Amino acid sequence: MVNTDKRRPGTSSSAGAASKPLPVDAPRGRVRTPGLTSRQRAAIWIRRHGIAPYLLLVPATAVIGWLVLWPAIQIGLFSFQNYGLAQISGALPTQWIGFSNYTQVLHDPEFWLSLRISLVFAVVVVPLTLIVGTLVGLLLSRLGKKMATFVSTAALLAWGTPAVSGSVIFAWLTDPDGGIVDWTLSKLPTWLGGGPHWAGFSWENSVLPAYTVLTVLLVWTSYPFVAVTVLAGLRTIPSELAEAARVDGAGPWTSFWKITYPMLKPVFLVLLLLSIIWDFGVFTQPFIITAAPGNRDEFNLGLYEYFRAFTQPAAYGVGSAVAFILTIILLVISVGYVRASVKQGVLR
Amino acid sequence: MTTAHAPAGPRGTRRAGSAAKSLRKALLNLAGLLVALVTLFPVLWMISTAFKPPTEIYSLTPHPIPLHPTLANFAHVLSGSEIGTPYWNFLKNSLFVTVVSVIISSLLALLAAIALGRFRFRFRTIYLIMLLIVQMLPQQALVIALFIDFRPLNLLDSLTGLILVYAAFALPVTIWMLRNFAATVPRELEDAAAIDGAGAWTVFWRILLPLISPGLVATSVFAFIFAYNEFVFALTFIGPDTSKFTLPLFVQYFQGHGSTGTDWGAIMAASTLFTIPVLAFFLIIQRRLASGLVAGAVKG
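Same order as they appear, the protein sequences are chains A and B.
So the first sequence is numbered by my numbering: it starts at 4 and just counts up by one.
So the second sequence is numbered by my numbering: it starts at 801 and just counts up by one.
Hints should not be assumed to be uniformly reliable.
[Stated by the list, open to error] Computed cross-link-like contacts, DSS-like style, restricted to lysine-lysine with a CA-CA straight-line distance of at most 30 Å:
1. A:261 x B:821
2. A:346 x A:261
3. A:268 x A:346
4. A:149 x B:821
5. B:892 x B:1044
6. A:261 x A:148
7. A:148 x B:825
8. B:825 x A:268
9. A:148 x A:268
10. B:825 x A:149
11. B:825 x A:261
FYI, nobody ran anything at the bench for these hints, they're computed from the structure.
As the structure is a prediction and not an experimental result, all values here were calculated from the model.
In isolation and in its complexed conformation, chain A is listed as follows (with noise of 0.2 Å):
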């Protein structure tokens, strides 16, 4: 497509610029048209050689592949090196040292005991979360406007209360000492599973508890989102299609399943795949929960990770590779992502 906001270049910018005569060594332009001034002739270059979005582009990428793409290829180049305090001061030159730092992970017990844990809490919390999101979007587009606003604007101040935010508040909810969670199961009556045990139960000190903190963390702050998608979505669909499956008997069950699903079906996929990048990649909040106390055995695949690569003695080689290890994971399922977006046309 021919784009035509250069049609007349340097009509409105041309006015201050000095007017110098042709340069000898001008580039090859078929037509030298006299009188231009270098800045005119820049855009012509510019519009027939078609080069304009590459340089509105040049600016963006640079950053981006200083700071994003090149740091993730160099995780992959320190993985295969001895790197640490000594390399990063200069002390001793780095050394390419092969698969070491790989076989030294693979060998560590713990190494695999986070790897597990980062994918039973994705297992765990991916469809809770999108379970609690679609039924609170099935439910706003059920109520009624005052109520849908009330309902919706909770849910926006949880999506946006900070993840450093909701780590401590939840910390100080499942607190052992004046935590309200802890009271409130200790004052519920034993068939609901309460009873004074519960008063003074440590939350974070065992994976189990940690973790099933860490779920509801997880669900609270990202519901929203999965919520206010699917009821984008829901407007999406024709209300005849609802209105007739009614009237041929269908509950909301079946027309759930057999209408607003498989209309829905592209967007689910995608938020399917979000929640599992995010929540096998989650650090902030298991960081403030488990890893403050400094829980080795409660460490996510992300934690282990870090501190790896930043607890003395520093071993960013090590680190790097599971760092490479936990990016090839999240690239493969990115991958699905990608490959499901352009499916719904986002490239167009």
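Given chain A, put chain B in place with the hints provided.
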């Protein structure tokens, strides 16, 4: 549900149907109320705790509303008696880093979005796919390489380093969202302006920019929230010198450094000071944000 048959049925059924309908409505509203309260509870509890004196915070029977509200927790974290510098220093750091990185990423994203939204060129599709994938790279992985790269450049323990990283990591999403807005500006407008003798620069200032600016607002909000909330890079780059802390580090500091156990009153006060501006901002721009969020979510 039974309401489905109501309009077709005889009189009696219709009355029963309308009763069922209002019951259904009441149940839905009840569910809505429950969802909203459960969702709001953590934030409300944070605010309420921030105003409680220690005796009430660790009381055996917690009260939702402070019986003897106090500003002592706020005074404690505002003064900086524990962390070294007062709260305003961290607010200033956070705002400086956030505003500068948003300006940088918005400018760069605007140029890139015009390229991707208004032109067709050879590597366009590949570039778009690259942007989608780059968004997914885990920050806690890249932070190792950036830490090593920034050390010789003196960008560690410096707000400049954070600005660069925040601008770079906000770019992929910002470009992607802005591109959708750039693509929706009708080409006829540009053509008409060009026929009237407007140059590239005029077309940009008079036509593209005004029409893209709502998108620019939405993407700036995204970049702002991202930079204001960011934790991993700040944690890693900003060293023992607490005076360079951003607000997330300020909040986290109180969790690790209680003089006598964990001082939840101070943490909740710090967290309130950090969170409430964001939430207030969200409420103000709610309508615009909802549409922008949906546009970003559904369009990609």
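Problem set entry | Proposed proximity, residue 149 of chain A with residue 825 of chain B (alpha carbon, max 30 Å) | Satisfied, since the Cα-Cα distance of roughly 13 Å is no more than 30 Å.
Exercise. Is residue 892 of chain B close enough to residue 1044 of chain B, meaning Cα to Cα at most 30 Å?
Worked result: With Cα atoms ~10 Å apart, residue 892 of chain B and residue 1044 of chain B stay inside 30 Å; holds.
Exercise. Does the structure keep residue 149 of chain A and residue 821 of chain B at a Cα separation of 30 Å or less?
Worked result: Roughly 18 Å between the alpha carbons, so the hint for residue 149 of chain A and residue 821 of chain B holds.
Exercise. Do the alpha carbons of residue 148 of chain A and residue 825 of chain B lie within 30 Å of each other, as the hint requires?
Worked result: holds (12 Å)
For this session: Please work out if residue 825 of chain B and residue 261 of chain A have their alpha carbons no farther apart than 30 Å.
Result: holds (24 Å)
Problem set entry | Distance restraint between residue 261 of chain A and residue 821 of chain B, which requires alpha-carbon spacing of 30 Å or less | holds (24 Å)
Exercise. Is residue 261 of chain A within 30 Å of residue 148 of chain A, Cα to Cα?
Worked result: Distance of about 27 Å is within 30 Å: holds.
Exercise. Holds or violated: are the alpha carbons of residue 346 of chain A and residue 261 of chain A at most 30 Å from each other?
Worked result: OK: residue 346 of chain A and residue 261 of chain A at ~21 Å, within 30 Å.
For this session: Below or equal to 30 Å on CA atoms is what counts here, so check residue 148 of chain A against residue 268 of chain A.
Result: Roughly 27 Å between the alpha carbons, so the hint for residue 148 of chain A and residue 268 of chain A holds.
Exercise. When you check the alpha-carbon spacing of residue 825 of chain B and residue 268 of chain A, does it fall within 30 Å?
Worked result: holds (28 Å)
Exercise. Straight-line Cα separation of residue 268 of chain A and residue 346 of chain A no greater than 30 Å?
Worked result: holds (11 Å)
Hint compliance for this structure: every hint is met.
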